[in-house]
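Visitor: For reference, the chains in residue letters:
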Amino acid sequence: MMDLAVRDLGRQPRKFALTCLGVGMLIMVVMSMGAIYRGNVDDATSVILNTGADVWVVQRYTNGPFAESSRVPEDLKHTLRGLSGVVDAGALSFQNIQVDWKGRPLRLFAIGYDKDLGLGGPPNIVSGRPILNRHYEMVAGVKSGLKLGDALKLGLDDYKVVGLVRDVVSTSGDQVIYLNLPDAQKIQFKKDNDAIRNDRVRLKETLAAAGTNPDDRLVEGLSGETHIVNAVVLKVRKGYPADDVVREVNRWKHYRAMPAAGQLDIMTMGVIRKATMQLGLFRAILLAVSMAVIALIIYTQTMDKIRDIATLKLIGAPDRTIVRLIMEQSLLMGFTAYWIGLAVFMATYRYFPKRMIVYAIDLKMLFVAVMFICVLASLAGIRAALKVEPSRALGG
Amino acid sequence: MTEVVRLENLRKVYGSGETEVVALADANLTLHEGEVSAVLGPSGSGKTTMLMCLGCITEPTSGTMSIGGEEVYGDGGWKRRDLRRLRREKMGFIFQAHNLIPFLNILDNVVIAAELVGTPRKESAKKAMELLEYLEVAHRADKFPATLSGGERQRVAIARALVHGPSLILADEPTAALDTDRGRKVVTLLKDLARKRGVGVIVVTHDVRMVEGFDSVYHMKDGAILDSE
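As given, the protein sequences belong to chains G and A, one line each in that order.
When the letters of the first sequence are read in order and numbered with the working numbering, they come out as residues 12 to 407.
When the letters of the second sequence are read in order and numbered with the working numbering, they come out as residues 36 to 264.
What the hints contain is simulated information worked out from the structure, not anything from laboratory work.
A few of these clues could be false.
Calculated lysine-lysine pairs in the PhoX-like style (CA-CA distance at most 25 Å, straight line) [claimed, not checked]: (1) G/Lys113 <-> G/Lys365; (2) G/Lys158 <-> G/Lys171; (3) G/Lys398 <-> A/Lys114; (4) A/Lys114 <-> G/Lys316; (5) G/Lys398 <-> A/Lys125; (6) G/Lys215 <-> G/Lys113; (7) A/Lys125 <-> A/Lys114; (8) A/Lys178 <-> G/Lys26; (9) G/Lys249 <-> G/Lys197.
The following residues of chain A were derived to be distant from chain G, with all beta-carbon distances above 12 Å [said to hold, decoys possible]: (10) Glu43; (11) Ser51; (12) Gly98; (13) Val107; (14) Gly112; (15) Lys114; (16) Lys161; (17) Ala173; (18) Glu208; (19) Lys226; (20) Val239; (21) Val246; (22) Asp262.
Derived coverage of chain A by chain G (criterion: at least 3 residues anywhere in the stretch with Cβ under 8 Å from a Cβ of chain G; other residues may be distant) [to be verified]: (23) 75-89; (24) 128-135; (25) 147-157.
Predicted model only: the values in this text are computed from it and were never measured.
We treat Cβ as the ideally placed atom computed from N, Cα and C, and that holds for glycine.
Can you build the whole structure from these sequences, using the hints too?
Guide: Quick look at the structure:
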């Protein structure tokens, strides 16, 4: 049996092409949103995954530094290193920074790590070297705009870029910089001289009001405390259950410990959930719009040839021939639009300002969804075609 | 001669009570292979209703109707369920406005009727070309209907009605859209084909000039067949 759908579409190729182009653009946006979502998840989890830690220890009753404020003493790492199964423990600090760089605001996510341990440090250095000196060096994200040798003022001091790292960004997509922990602590907690003097006076007056007579060295020591970090990460011996370490810390150490997977869940289920839901909603709306467009076009095309359909029925064409004519047109439209959308997406997604990640499974699932909505979109046209009486072909 | 169609007291009533309209009143008609009959009458006389009953498009109210010796309507209901198949296999239709499918070329417009009854594409195309040659429109086989004249389109419609070898052709005002000369040619063609191929043809028309040489002519008025000649 000849293919009526293709022959009908072939009669108006320009109309078909323009419709496919329009629907293809909608599908391209759906693809982009899927890729943005994947990029968001990857961004949100990249810091956690790149630390290589098995267990995260954070302030008790908090969800950790990525979800809310978490402060733990740096020397906690020494205590935790002694736990059964723990082979390494490193203290990490995290901080959002915005500086002026070449006349433009530059947002960065500063990670402080112990350069001698390496745990939580830069994972993939693409050029330059890791931090070797104790102070005033940093490794920056390759897309930050910073180059090897650049010096960036952070807090009170200048820091030189000695290495560039790839594929690590903050939850909001900001490029990271890695600093040696004391430098990061200094940037985060060290105040300028006026602020330090004010703090000391305030502390001294507070202690005096409490009936003590503190000497200046005690006040200086208490007010200048910077040995605080946001989390301590642990590396567990291979084969040793991380959950045992988690249980041990939670029970005896008065901190909250969670496996790396738990920290990832907090990120994906909590921190970026709203963004994920928004993207999902937009994708659903766009697919619904695509379906409405295809349905409208197919219905209009069906009504345009309703007398031809009546003629086909009168000369004995079975319903399946009529259904095939309409559904095949809808599927052809969706199929062509999908490949147009994919071609445009593949050609442009690298230039998008936000990181996009494309997974083959997402594209395959979208293809199935598009085909499914094409079937749904053809139903109104099919219903109209099946309802038409063959007698409509009679008369002038 | 083999009987193609027989109507006995076929009746079609629309509505009921005060709104009842008798569109076809106890019609009796017989048609044999190779015969050409005309149903004549003014608008509203019941010609199209009879055609729709004959084409199994509209269900009669009472009476009996046999096609090819098989009773398809009787005892107040259809005797078979696959009426579309009956139309597909045993009937050919020619319409007032030719009703060619605009997105199919001339050859495909004819081929489709043969393919619908399961004839393979190659054989269908061969039969279609033979008919188009006979009807002198083969040179337009790759063209679309919109590019043909009214007479050419009607000849293509005749080819489509014949290509699958039906025993009955129902023609609804086949000359209405043509001038007198072309109309006569189409009618002559139908008569020739009916005799050569042994097909029964019923032509519904209101144009008395076109029925010359027909085997029988039925005159209708207000749903009733008044007389036949």
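Visitor: Indicate, hint by hint, whether the structure satisfies it.
Guide: So, going through the hints one by one against the coordinates:
1. With a CA separation close to 22 Å, the supplied pair lysine 113 of chain G and lysine 365 of chain G stays within the 25 Å bound.
2. For the suggested pair lysine 158 of chain G and lysine 171 of chain G, the alpha carbons sit about 10 Å apart, so the restraint of at most 25 Å is met.
3. Distance hint between lysine 398 of chain G and lysine 114 of chain A is fulfilled; the C-alpha atoms sit about 23 Å from each other, no more than 25 Å.
4. For the hint pairing lysine 114 of chain A with lysine 316 of chain G, the CA-to-CA distance comes to about 32 Å; that exceeds 25 Å, so the pair is violated.
5. Restraint check for lysine 398 of chain G and lysine 125 of chain A: the C-alpha separation of about 24 Å stays at or below 25 Å, so the hint holds.
6. Proximity of lysine 215 of chain G to lysine 113 of chain G is assessed by CA-CA distance (about 42 Å); at most 25 Å being required, the pair is judged violated.
7. For a cut-off of 25 Å, the pair hint linking lysine 125 of chain A to lysine 114 of chain A stands: about 16 Å separates their Cα positions.
8. Distance hint between lysine 178 of chain A and lysine 26 of chain G is fulfilled; the C-alpha atoms sit about 21 Å from each other, no more than 25 Å.
9. In summary, the hint linking lysine 249 of chain G to lysine 197 of chain G is not supported, as the alpha carbons are separated by about 35 Å, beyond the 25 Å threshold.
10. At roughly 23 Å from the closest C-beta of chain G, the C-beta of glutamate 43 of chain A stays outside 12 Å, upholding its exclusion from the interface.
11. Once the 12 Å rule is applied to beta carbons, serine 51 of chain A is consistent with being away from chain G; the minimum gap is 21 Å.
12. For glycine 98 of chain A, the condition that its CB be more than 12 Å from all CB atoms of chain G holds, with the nearest at approximately 19 Å.
13. Residue placement check: valine 107 of chain A keeps its beta carbon more than 12 Å from all beta carbons of chain G (closest about 14 Å).
14. For glycine 112 of chain A, the shortest C-beta to C-beta distance to chain G comes to about 19 Å, beyond the 12 Å cut-off, and the non-interface label holds.
15. Once the 12 Å rule is applied to beta carbons, lysine 114 of chain A is consistent with being away from chain G; the minimum gap is 18 Å.
16. Even its closest Cβ contact with chain G, about 15 Å, leaves lysine 161 of chain A beyond 12 Å, as expected for a residue assigned away from the interface.
17. Every CB of chain G is more than 12 Å from the CB of alanine 173 of chain A (nearest about 19 Å), matching its label as outside the interface.
18. Not every C-beta of chain G lies more than 12 Å from that of glutamate 208 of chain A, the closest at about 7 Å, which undercuts listing it as non-interface.
19. Even its closest Cβ contact with chain G, about 22 Å, leaves lysine 226 of chain A beyond 12 Å, as expected for a residue assigned away from the interface.
20. With a cut of 12 Å on Cβ distances, valine 239 of chain A falls inside the contact zone with chain G, its closest approach being about 9 Å.
21. Non-interface status of valine 246 of chain A relative to chain G is upheld: no Cβ of that chain comes within 12 Å, the nearest being about 20 Å off.
22. Every C-beta of chain G lies more than 12 Å from that of aspartate 262 of chain A, the closest at about 25 Å, which supports listing it as non-interface.
23. With 3 residues bearing a CB less than 8 Å from a CB of chain G, the segment 75-89 of chain A meets the requirement of three and the coverage assertion stands.
24. With 5 residues having a Cβ less than 8 Å from any Cβ of chain G, the segment 128-135 of chain A passes the three-residue criterion, so the hint holds.
25. Only residues whose beta carbon comes within less than 8 Å of a beta carbon in chain G count, and the segment 147-157 of chain A has 6; three or more means the coverage holds.
Hints 4, 6, 9, 18, 20 from the list above are not met by this structure, while the remaining hints are.
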